[in-house]
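Q: The residues making up each chain are set out below.
Protein chains: 2
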Amino acid sequence: MQIIDGKKVASEIKLEISEKVQQIVAMGGRRPNLSAILVGHDGGSESYMMMKTRACEECGFESALIRMEPDVTQAELIAKIDELNKDESVDGFIIQLPLPKHIDEQAVIEAIDYRKDADGFHPINVGRMALGLPCFKPATPSGVMLLLERYGIATSGKHCVILGRSNIVGKPLANMLIQKAYPGNCTVTVCHSATPNIKELTLQADILISALGCPGFVTEDMVKEGAVVIDVGTTRVPDSTRERGWRLCGDVDYKNVSPHCSYITPVPGGVGPVTTVALMLNTLLAATNGHRE
Amino acid sequence: MQIIDGKKVASEIKLEISEKVQQIVAMGGRRPNLSAILVGHDGGSESYMMMKTRACEECGFESALIRMEPDVTQAELIAKIDELNKDESVDGFIIQLPLPKHIDEQAVIEAIDYRKDADGFHPINVGRMALGLPCFKPATPSGVMLLLERYGIATSGKHCVILGRSNIVGKPLANMLIQKAYPGNCTVTVCHSATPNIKELTLQADILISALGCPGFVTEDMVKEGAVVIDVGTTRVPDSTRERGWRLCGDVDYKNVSPHCSYITPVPGGVGPVTTVALMLNTLLAATNGHRE
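Read top to bottom, the protein sequences are chains A and B.
Position one of the first sequence corresponds to residue 0 (numbering that gives the first Met the number 0), numbered consecutively onward.
Position one of the second sequence corresponds to residue 0 (numbering that gives the first Met the number 0), numbered consecutively onward.
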């Protein structure tokens, strides 16, 4: 059994990106710029922002954080997006989600110029991804793909069972893994809340990816001997032994499942660290040829 | 075993559409207009066009066929698309595929205003469909959904196995059938050329959809007793007993498979007739509220 070390992969890729940025700068180019709009003062969003800003520094990117108060109107937010769309010094940008309830998230996402859509949430990027065309891919499923790739895990012809059908993880992962590409070319099964016989299906998985957000959902009896298990779940569960009062918990009963796996991601330290890296790769892509070439 | 009668469903829906059009006209509105651009003189494309024009008449739509010679440049074709994008009398339009080799099909598709994209091929529509948002859906997978719906076939929690991962059938069907909707809410498995154990998977299917274009691929031993079988395959196979020299052949060995099914589509007369109807429904949607509301 091999533990997939997301932190190590993330460090390697950030180093590779920073080397590319140095080359760009050495040839007279400018540093890639990833900007972000943060509405309000949610604690979780603030710490995500800090992580992203730090990753930008490690990659040698410029970054800017635009703060807006939680009572901002949708029109004001979209006007700011328009500014960033037009600002030639900005290669890519993100709007930190969730947004306050009075704002239509989908309208905001669709206001982003898809050529600067570093989060890969614009329907044009979602569609181009489904069609197998160059695009910006969403960070979490891209992170999963990076781990499979960096560990050289065989995927072609493998049966990949995905638990969860969210728009930001399960569905895009399914769309990536059926493409005739590496990583990919998998037979893909998507299970979700309406699937009556989940265990029967997970037991067939060569690659099992769980993105449910149900701590400990995947138990030993659900996993085939030698399977690759990727745990995308990150739920905060109360833990009085920790100073902050909680710990991150994955979907997989790691202790009992891991002895049966060929590869497994821990939580934390598995998929998490590489998701930010995927965002950096999108920004580099936007800053260089863009995804349209 | 019940045979799914695609011709009957198609007639019913066209009648419903024509009644809606009569209401629109009675209230002073104008008839929906579906236009089409046909490049060249391919026999198959010509007959598709005739079918579509006839369906427009049956639905009470206006239609226009714009012919361009096979040596048309991409720029000329896109200029014509731009005209249709701007023409307020045109609600929706299609470009008949395939296009001559010197033209970049994807660039042409992306030149269509997605609000008039009756074929549902624009990446914005593909992406909105994957996200479960209102959109124009591609005709063939929509046709499959219409058959499931009109026959009241239970889909929620059922295991749907799709054979084929093309951009126009397999992938969009998978994206439709995992949505939390009816028809849909299925556990979905997509198999393709790289799947080593197809039979093992098809035997688990409550709903088996084949879109491979391999005549007779699905045999009796691959289908679970009581399964719903939808055959999207339409391959022309030589047949000297027919005047035209060929007949249409599905992916399913109908004679031997059908006795084991709860429902099955024949070829021809199954999915085929409803695909044109799906195009008419997109046009009606474009002519009324549009898919954005």
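No lab work stands behind these hints: they were computed from the structure.
Any given hint could be a false lead.
Said to hold, decoys possible - Taking lysine-lysine pairs in the DSS-like style, the calculated list, with each CA pair at most 30 angstroms apart, reads:
hint : chain 1 : residue 1 : chain 2 : residue 2
1    : B       : Lys254    : A       : Lys223
2    : A       : Lys85     : B       : Lys85
3    : B       : Lys223    : A       : Lys198
4    : B       : Lys100    : B       : Lys223
5    : A       : Lys79     : B       : Lys198
6    : B       : Lys179    : A       : Lys85
7    : A       : Lys179    : B       : Lys19
8    : A       : Lys100    : B       : Lys100
9    : B       : Lys85     : A       : Lys179
10   : B       : Lys79     : A       : Lys179
11   : B       : Lys6      : B       : Lys254
12   : A       : Lys85     : A       : Lys100
13   : B       : Lys198    : A       : Lys223
14   : A       : Lys198    : B       : Lys179
15   : B       : Lys179    : A       : Lys223
16   : A       : Lys79     : A       : Lys223
17   : A       : Lys179    : B       : Lys6
18   : A       : Lys198    : B       : Lys7
19   : A       : Lys198    : A       : Lys19
Keep in mind that this is a model prediction, so the values were computed, not measured.
Q: For each hint, tell me whether it holds in the structure or not.
A: These are the hints, each one checked on the structure:
no. : hint                 : in the structure
1   : B:Lys254 to A:Lys223 : violated, 37 angstroms
2   : A:Lys85 to B:Lys85   : holds, 25 angstroms
3   : B:Lys223 to A:Lys198 : holds, 20 angstroms
4   : B:Lys100 to B:Lys223 : violated, 43 angstroms
5   : A:Lys79 to B:Lys198  : violated, 54 angstroms
6   : B:Lys179 to A:Lys85  : violated, 37 angstroms
7   : A:Lys179 to B:Lys19  : violated, 43 angstroms
8   : A:Lys100 to B:Lys100 : violated, 49 angstroms
9   : B:Lys85 to A:Lys179  : violated, 37 angstroms
10  : B:Lys79 to A:Lys179  : violated, 34 angstroms
11  : B:Lys6 to B:Lys254   : holds, 20 angstroms
12  : A:Lys85 to A:Lys100  : holds, 27 angstroms
13  : B:Lys198 to A:Lys223 : holds, 20 angstroms
14  : A:Lys198 to B:Lys179 : holds, 21 angstroms
15  : B:Lys179 to A:Lys223 : holds, 28 angstroms
16  : A:Lys79 to A:Lys223  : violated, 50 angstroms
17  : A:Lys179 to B:Lys6   : violated, 35 angstroms
18  : A:Lys198 to B:Lys7   : violated, 40 angstroms
19  : A:Lys198 to A:Lys19  : violated, 45 angstroms
Of the hints listed earlier, those the structure fails to meet are numbers 1, 4, 5, 6, 7, 8, 9, 10, 16, 17, 18, 19, in rising order.
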